[in-house]
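Protein sequences, first through last, are from chains A and B.
Going left to right, the first sequence walks through residues 0 to 211 as numbering that gives the first Met the number 0 numbers them.
Going left to right, the second sequence walks through residues 0 to 211 as numbering that gives the first Met the number 0 numbers them.
Misleading hints may appear alongside valid ones.
[What the hints assert, rightly or not] Restricting the straight-line Cα-Cα distance to at most 25 Å, the calculated cross-link-like pairs of lysine-lysine (PhoX-like) are: (1) K106(B) to K209(A); (2) K183(A) to K209(B); (3) K94(B) to K83(B); (4) K41(A) to K9(A); (5) K41(B) to K51(B); (6) K9(B) to K51(A); (7) K83(A) to K144(A); (8) K209(A) to K51(B); (9) K209(B) to K172(A); (10) K209(B) to K106(A); (11) K209(A) to K83(B); (12) K168(B) to K144(B).
By construction, these hints were calculated from the structure, which means they are not laboratory data.
Next come the chains, spelled out residue by residue.
2 protein chains.
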Amino acid sequence: MADGLIAFPKATISRFPLYFRVLTDYNHQDIALVSSEEMAQKIGVTSSQIRKDFSYFGSLGIRGAGYDVTYLLDMIKEILGMDKKRRLAVIGAGKLGMALAGYSGLKQHGLEVAALFDTDRRKWAQGPGGLTVFPLTELAEQKEKLGMEIAVLTVPAVVAQTVAELAVKSEFKAIWNFAPVRLKVPSNIIVQYEDLVVGILTLSHHLARKFG
Amino acid sequence: MADGLIAFPKATISRFPLYFRVLTDYNHQDIALVSSEEMAQKIGVTSSQIRKDFSYFGSLGIRGAGYDVTYLLDMIKEILGMDKKRRLAVIGAGKLGMALAGYSGLKQHGLEVAALFDTDRRKWAQGPGGLTVFPLTELAEQKEKLGMEIAVLTVPAVVAQTVAELAVKSEFKAIWNFAPVRLKVPSNIIVQYEDLVVGILTLSHHLARKFG
DNA sequence: ATGGGATTGTGAAAATAATCACAAGGGAGA
DNA sequence: TCTCCCTTGTGATTATTTTCACAATCCCAT
Numbered sequence: 000m001a002d003g004l005i006a007f008p009k010a011t012i013s014r015f016p017l018y019f020r021v022l023t024d025y026n027h028q029d030i031a032l033v034s035s036e037e038m039a040q041k042i043g044v045t046s047s048q049i050r051k052d053f054s055y056f057g058s059l060g061i062r063g064a065g066y067d068v069t070y071l072l073d074m075i076k077e078i079l080g081m082d083k084k085r086r087l088a089v090i091g092a093g094k095l096g097m098a099l100a101g102y103s104g105l106k107q108h109g110l111e112v113a114a115l116f117d118t119d120r121r122k123w124a125q126g127p128g129g130l131t132v133f134p135l136t137e138l139a140e141q142k143e144k145l146g147m148e149i150a151v152l153t154v155p156a157v158v159a160q161t162v163a164e165l166a167v168k169s170e171f172k173a174i175w176n177f178a179p180v181r182l183k184v185p186s187n188i189i190v191q192y193e194d195l196v197v198g199i200l201t202l203s204h205h206l207a208r209k210f211g
Numbered sequence: 000m001a002d003g004l005i006a007f008p009k010a011t012i013s014r015f016p017l018y019f020r021v022l023t024d025y026n027h028q029d030i031a032l033v034s035s036e037e038m039a040q041k042i043g044v045t046s047s048q049i050r051k052d053f054s055y056f057g058s059l060g061i062r063g064a065g066y067d068v069t070y071l072l073d074m075i076k077e078i079l080g081m082d083k084k085r086r087l088a089v090i091g092a093g094k095l096g097m098a099l100a101g102y103s104g105l106k107q108h109g110l111e112v113a114a115l116f117d118t119d120r121r122k123w124a125q126g127p128g129g130l131t132v133f134p135l136t137e138l139a140e141q142k143e144k145l146g147m148e149i150a151v152l153t154v155p156a157v158v159a160q161t162v163a164e165l166a167v168k169s170e171f172k173a174i175w176n177f178a179p180v181r182l183k184v185p186s187n188i189i190v191q192y193e194d195l196v197v198g199i200l201t202l203s204h205h206l207a208r209k210f211g
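Build out the structure end to end from the sequences listed, making use of the hints.
Structure representation (structure tokens):
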């Protein structure tokens, strides 16, 4: 159970960020114990699903009482790799890239945008908050200097593949890709796709079916 | 099969935006026919999954040949409700709200940000591209005037619920929620959650498991 | 026309995920 | 300590999703 090499259901992993968030809330409110049912209400899932999810990682709760907020939070931080800070390189200093760079939600989760990169020389500058936009050619160099591990792709779709290859060559271990393109990269590179259009089109579909 | 009231697998619906995109590509390249296998390669799913997905909507393909790009595209547009243009109200004119307002990917899919709203009077102004930031108090009024249907919530988490209630009162039919909060709204309101942190934390988890 | 090669469409099987239901504890008060 | 109540943890069940495998059938070259 405390193995560390077994694979957990993907669906379970995708819910842990939600658990993290709600537990952080309880922590701020100085609530020490919380039941699966209470969390379930707040997150919008079933309580048995929460218990099942946690059970993959051992017996984290206290029967009859609930879960110790602090303990569970530490556990989830470890599961999500949040015990270690990660630094991000945002490639593409457009509106989305800038928005991400200034997004406080990242820092709250131990993720820090350390620098931005762009090919457009008009964007090269020291931004507000000490954040710098570097020429894309300096990617590898700055990666070492600033200790970045994750490349965030906020570039146009047409150049995404090329930029991804540059990131791989620069020895980034993971890519968070906002470009609506499937990337061809070596299998040891972790790629997470983020596609805003999928969400809104799903909504549009429901809207069309419901109201026409 | 051509019923129109049966429910399709959620997982299927979530892939249609991908199909739409790849087909748009083929269309631009003036490719008339495409096989499920070829699409599969490009999208990163299996060809049988594509065929199964399409089969819920009837026999859209041509055996031995593939799928007619134009025909399939029209079909998908209808399925996704893209045959009708939708107008969005972005509530919260922060960085993310601004980035979304200027995001060309939306317009390409028949979705248009018609106006922004904010409580901060310093943001009230005619923005570039003729886009205006209105006081949030004018939400209901401008909704009617501009014919907006979808409220996009790019506000801080603490006020998300309040703003959602305002949107419901203003008779928005759907909410695209970027705030990391579960909204309590009447069940006839369609809510689509978009949570950027889930993606990056999932990535962080994989990173932690793979490299420590 | 006819046959060969290709690709769809789809039941059936397998894999994955969610839900159920309840025994196993644990806490708290008498 | 004992008892009652509460909530966890988890096998079993059900639902959903993906994959498999191949018959159906359409295109095209001859």
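Hints, verified against the model:
1. K106(B) to K209(A): The hint holds at about 22 Å.
2. K183(A) to K209(B): Cα-Cα ~20 Å, so holds.
3. K94(B) to K83(B): 28 Å, violated
4. K41(A) to K9(A): 21 Å, holds
5. K41(B) to K51(B): 17 Å, holds
6. K9(B) to K51(A): 22 Å, holds
7. K83(A) to K144(A): 18 Å, holds
8. K209(A) to K51(B): Holds, at roughly 24 Å.
9. K209(B) to K172(A): 10 Å, holds
10. K209(B) to K106(A): 22 Å, holds
11. K209(A) to K83(B): 13 Å, holds
12. K168(B) to K144(B): 16 Å, holds
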